[in-house]
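Once you've looked at the hints, dock chain B against the given chain A.
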Amino acid sequence: MKRLFVAACASSMLVLAPAAFAQESRDALIRTEAQIQSLNAADAAASAPDAFAEAQLRLTEAKSAEDKNNRKESTWRSSEAALNVEIVQERIKLRALERTVSEIETGIATLRRELNS
Amino acid sequence: MTHFLKSSAGIAALSLFLGACASAPDPSPRLLSAEASLQKAKSDPVTAAAGRTALANATTSLRNARESFLDRKDDEYTHAIRMGEGYVALADARGKQSEANRRIEDLNKQRSEIVLAARSRELNVANAATADAEARATASGRVAADAVADSATSEAARQRAETLLAAMKSELADYEQQKTDLGTTLVLRDLQFASASDVLSQGAQGRLAPLASFLSKQPATRIQILGHTDSQGSETYNVDLSARRAASVGAYLTSTGVDAGRITTSGRGEGVPVATNATAAGRAINRRVEVTILD
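So the sequences go chain by chain: A and B. Numbering-wise (the numbering used here), the first sequence opens with residue 3 and increments by one. Numbering-wise (the numbering used here), the second sequence opens with residue 24 and increments by one.
Looking at chain A on its own, in the form it has when it is part of the complex:
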């Protein structure tokens, strides 16, 4: 009886494990695709064109791997795409900060001119 139970458990794990892995890679793919879509394309293209293109390319590759049931490759490409999305987001923030620096510098220059006039 005990042997029968252990055998049943082992069989269940063998059947369920690939299914869980498939679900995980699909979730990662969907999550990454949503992240890319949430980016402002104009900002992304202006702030980090390489990373943005890389993210889109890896997402395409992930989809292709997913279609071929290559879960491992799908997960890797999704994580690479997600990392590039994160880089794009940080560079968009950086660009905004750099613009702020520039605006303040211009403002200070104007103030100095007015003060010295």
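By construction, these hints were calculated from the structure, which means they are not laboratory data. Some clues are possibly wrong.
[As the list claims (entries may be wrong)] With a straight-line cut-off of 30 Å between C-alpha atoms, the simulated DSS-like cross-links for lysine-lysine are: (1) A:K95 x B:K63; (2) B:K192 x B:K202; (3) B:K202 x A:K95; (4) A:K65 x A:K95; (5) B:K96 x B:K132; (6) B:K240 x B:K202; (7) A:K74 x B:K96; (8) A:K95 x B:K96; (9) B:K192 x B:K240; (10) B:K96 x A:K65; (11) A:K70 x B:K132; (12) B:K96 x B:K63.
Model, not experiment: these values are computed from the prediction.
Coordinates of chain B only, in the frame set by chain A:
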């Protein structure tokens, strides 16, 4: 045989060397470049602090990449190197953000200082303008006060002059009066002196009494007394005589209480005739004493 053995040994050694080379390949330029970038990022204090987690992930990924490369696991290597490069780029972006934030903080401080300086300058300008306006107002007030004082002085002078004129009209009506540049001149033609003398007769003193009375009532009034003669006698004598007679009139007035400091006397002799000296009537007109009540 020996040659064969030597050749076999050489081939075996070469095979071993090539095998060793094949089992431990040099890391790819891409991996070396990624590792160099990681070291550079770690050595930058700002990037190291702002991108700590990303750098830790990059370190792990690049270690995996190196192992996969050495194990010739191409897929694993490709994934690991991409992740390693990505994490280094992420750390770099976060480091730059931190720098930009620090710069913004500095610039905001600078801007505040400049605005403060500008306000301080505006305040100084405003204070200077206020002080200037106050000074002008004070000066203006002083001018106004002076004007009021001048006006009061003028009014008082005008009133004094009117009083004096009224008094002259009423009290000195018996004298012949002429208006001159110096004031009002009383012409006394009928003053009697002893012949060739400066001594006033009793009648002459009576004739001067209204003038003495007037002067006692007008203590601020000053007079000038000029003596004149006709042309008889020498000129020097006449000048001296006229001067003495003017002085006699002054002395008389002083004796009635008029302050001597209010009186000046002088003799003109025959030098200023007002009628002909050819006739007795004319000479009588020329012999005179003129008392000018000075304005």
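Each hint tested on the structure:
no. : hint            : in the structure
1   : A:K95 x B:K63   : holds, 22 Å
2   : B:K192 x B:K202 : holds, 13 Å
3   : B:K202 x A:K95  : violated, 102 Å
4   : A:K65 x A:K95   : holds, 28 Å
5   : B:K96 x B:K132  : violated, 54 Å
6   : B:K240 x B:K202 : holds, 21 Å
7   : A:K74 x B:K96   : holds, 14 Å
8   : A:K95 x B:K96   : violated, 36 Å
9   : B:K192 x B:K240 : holds, 14 Å
10  : B:K96 x A:K65   : holds, 22 Å
11  : A:K70 x B:K132  : violated, 58 Å
12  : B:K96 x B:K63   : holds, 27 Å
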